[in-house]
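Q: Which chain is which? The protein sequence lines are A and B, in order.
Count along the first sequence from 1, add 314, and you get the number used in our numbering.
Count along the second sequence from 1, add 480, and you get the number used in our numbering.
Calculated from the structure, these hints are not laboratory results.
We put the CB at the ideal spot given by N, CA and C, even for glycine.
There may be inaccurate statements among the hints.
Residues of chain B placed beyond 12 Å of chain A at every Cβ, according to the derived structure [stated by the list, open to error]:
hint	residue
1	494
2	508
3	645
4	647
5	651
6	692
7	707
8	771
9	861
10	889
Cβ-Cβ distance ranges computed for the label pairs, FRET-style [said to hold, decoys possible]:
hint	chain 1	residue 1	chain 2	residue 2	range
11	A	340	B	798	32 to 42 Å
12	B	866	A	364	28 to 38 Å
13	A	387	B	867	47 to 57 Å
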Amino acid sequence: MLRIPCPHCGERDYTEFRYGGDASKPRPAHDERDVRAWHDHVFVFSNPRGPHREYWQHVLGCRQWLILERDTATNAVGTARLARDGAGS
Amino acid sequence: MSERYSALALARHALTGAPWRRAWRRADPRPHYDVVIVGGGGHGLATAYYLAKNHRVTRVAVLERAVIGSGNVGRNTTLVRSNYLLDGNTQFFEHSLRLWEGLSHELNFNVMLSQRGQVVLAHGPAQLDVLARKGNIMRLNGIDAELLDRGEVQRLLPYLDFSAQSRFPIHGGLLQRRAGTVRHDAVAWGYARAASALGVDIIENCEVTGFLRDGDRVTGVETTRGRIGADRTAISVAGHTSQVAALAGLRVPVESHLLQAFVTEPIKPFVDHVISFGAELFYISQSDKGGLVFGGHIDGFNNYTQRGQFPKVQTVAECAVALIPSISRLRLLRHWAGIQDMTPDGSPFIGRTPLRDLYLNGGWCYQGFKATPATGWCFAHTLAHGTEHPLIGHFSLERFLDGNGHDEYGHGNWTYRQ
Numbered sequence: 315m316l317r318i319p320c321p322h323c324g325e326r327d328y329t330e331f332r333y334g335g336d337a338s339k340p341r342p343a344h345d346e347r348d349v350r351a352w353h354d355h356v357f358v359f360s361n362p363r364g365p366h367r368e369y370w371q372h373v374l375g376c377r378q379w380l381i382l383e384r385d386t387a388t389n390a391v392g393t394a395r396l397a398r399d400g401a402g403s
Numbered sequence: 481m482s483e484r485y486s487a488l489a490l491a492r493h494a495l496t497g498a499p500w501r502r503a504w505r506r507a508d509p510r511p512h513y514d515v516v517i518v519g520g521g522g523h524g525l526a527t528a529y530y531l532a533k534n535h536r537v538t539r540v541a542v543l544e545r546a547v548i549g550s551g552n553v554g555r556n557t558t559l560v561r562s563n564y565l566l567d568g569n570t571q572f573f574e575h576s577l578r579l580w581e582g583l584s585h586e587l588n589f590n591v592m593l594s595q596r597g598q599v600v601l602a603h604g605p606a607q608l609d610v611l612a613r614k615g616n617i618m619r620l621n622g623i624d625a626e627l628l629d630r631g632e633v634q635r636l637l638p639y640l641d642f643s644a645q646s647r648f649p650i651h652g653g654l655l656q657r658r659a660g661t662v663r664h665d666a667v668a669w670g671y672a673r674a675a676s677a678l679g680v681d682i683i684e685n686c687e688v689t690g691f692l693r694d695g696d697r698v699t700g701v702e703t704t705r706g707r708i709g710a711d712r713t714a715i716s717v718a719g720h721t722s723q724v725a726a727l728a729g730l731r732v733p734v735e736s737h738l739l740q741a742f743v744t745e746p747i748k749p750f751v752d753h754v755i756s757f758g759a760e761l762f763y764i765s766q767s768d769k770g771g772l773v774f775g776g777h778i779d780g781f782n783n784y785t786q787r788g789q790f791p792k793v794q795t796v797a798e799c800a801v802a803l804i805p806s807i808s809r810l811r812l813l814r815h816w817a818g819i820q821d822m823t824p825d826g827s828p829f830i831g832r833t834p835l836r837d838l839y840l841n842g843g844w845c846y847q848g849f850k851a852t853p854a855t856g857w858c859f860a861h862t863l864a865h866g867t868e869h870p871l872i873g874h875f876s877l878e879r880f881l882d883g884n885g886h887d888e889y890g891h892g893n894w895t896y897r898q
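With the rest of the complex left out, here is chain A (with noise of 0.2 Å):
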């Protein structure tokens, strides 16, 4: 089991929050009008086998975004920490 530490609840089973995706891409700016600058933003993933920088909402705890290191190729968990303090950094 996947289990993730929480910056408020401490380590929970993965099943307590839900997936956000890759947090490491930067969203454009609000009025950028190149088309493939958002289809990349949405639609294309690095999907690195390795490490992986990505959001976790805890649902059934805090109710918070996180941002968590894991590495894709093992699932080891390294730090998680709250989104807002750093998203897409």
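Starting from the structure of chain A, add chain B where the hints point.
A: Chain B alone, transformed into the frame defined by chain A:
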């Protein structure tokens, strides 16, 4: 090279005790090919076969990192069907099913196609309406489909939960009698043997480590067994599409997810059809050895571990028992996971890439195995002619740019993004 399999050959070997010859040649890489296919799974091998058979392109190499058939072609639940709703999918998967129907003769290799019929269940009137519409679309395309009411489903599948307490009452179903199962390993071996006999080089233990480039043109591959030139290069590496495409500098609309599958201990013949649950993504059939084979959803977050998460095992077991209460005491014999490309609309990519002479086949989501013959057929056409086969025009890599997503279920790709 390879000998023809027949009852006579079987008798001759039985009487003389002569050993059977290797089914396909062990080939060493040559410096240059007309077409190099990266990935020796079902799709890559089928593509090589149809290149040689339909288009007379025989200077073809299939490069496989491990041994052929060690990936998803041997990890799926072996189902074949063509009950699709969306224009484009309907015709493509029907083409595939027709190829399945002749495949054992075509390849002179028994792929053990068993057209036992598939029933998709409806658990409410609205769901039955959707199935009626799908069945009508299939019949308009010349595909067999029969809408069943509750009584007809009960006569066909009396062991399902028809009790008053059932959590998901059965209102009816859609039956495609020509759907069924195939022995999946035989598909890889059959295509490999037939392609090899036509001159295709199948090169195992040969991992691609990079692409050769001449400006925006791809001219071959770097491998662990040296440099191999190619007029055209094809990627067909389900599960690792992103990694191999990245070697060519491409980023693609694919995430890799885990799909788990299960086999119970063997029991006497019981489940005579393929059954799809309508209340969750769950499907079940019985193998020739007697084990019940079933699977469900992907795990839900992208990863490459080939080792599934336990909560999904519980969900799938709950589906199995909700559908067929009498199997609740069966033990699971085996359980495994495959890495599956997931795309934003649940449909694959087959065709050209932004790089000249580099072609991509990937992003198959749940449907790669049943598509094997048609993918090989259409991808071979595309590689031979340099333009997409008419059956795969809607599977373009650039379709999201034009708002042309091809979404069979209308709710995304069954991942966290739906």
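Q: None of the hints should be skipped; say for each whether it holds.
A: Here is how each hint holds up against the structure:
1. No beta-carbon of chain A is positioned within 12 Å of the beta-carbon of residue 494 of chain B; the least distance is around 48 Å.
2. Under the 12 Å C-beta cut-off, the non-interface status given to residue 508 of chain B relative to chain A holds; the minimum distance is some 29 Å.
3. Distance check for residue 645 of chain B against chain A: the nearest CB is about 27 Å away, which clears 12 Å, and the non-interface claim stands.
4. Interface exclusion of residue 647 of chain B from chain A stands, the closest Cβ pair being 20 Å apart, more than 12 Å.
5. At roughly 31 Å from the closest C-beta of chain A, the C-beta of residue 651 of chain B stays outside 12 Å, upholding its exclusion from the interface.
6. No beta-carbon of chain A is positioned within 12 Å of the beta-carbon of residue 692 of chain B; the least distance is around 23 Å.
7. Non-interface call for residue 707 of chain B relative to chain A: holds, since the shortest CB-CB distance, roughly 24 Å, exceeds 12 Å.
8. In this structure residue 771 of chain B is separated from chain A by more than 12 Å, as the shortest Cβ-Cβ distance comes to about 26 Å.
9. With a minimum CB-CB distance of about 27 Å to chain A, residue 861 of chain B clears the 12 Å threshold, and the non-interface call stands.
10. The non-interface label for residue 889 of chain B is consistent with chain A: the shortest C-beta to C-beta separation is roughly 18 Å, beyond 12 Å.
11. In this structure the supplied range 32 to 42 Å holds for residue 340 of chain A paired with residue 798 of chain B, their Cβ-Cβ distance being about 40 Å.
12. Look at residue 866 of chain B against residue 364 of chain A: about 35 Å separates their beta carbons, and that is inside 28 to 38 Å.
13. Between residue 387 of chain A and residue 867 of chain B the C-beta distance comes to about 37 Å, which lies outside the given range of 47 to 57 Å.
Violated hints amount to a single one, hint 13; each of the other numbered hints is respected by the structure.
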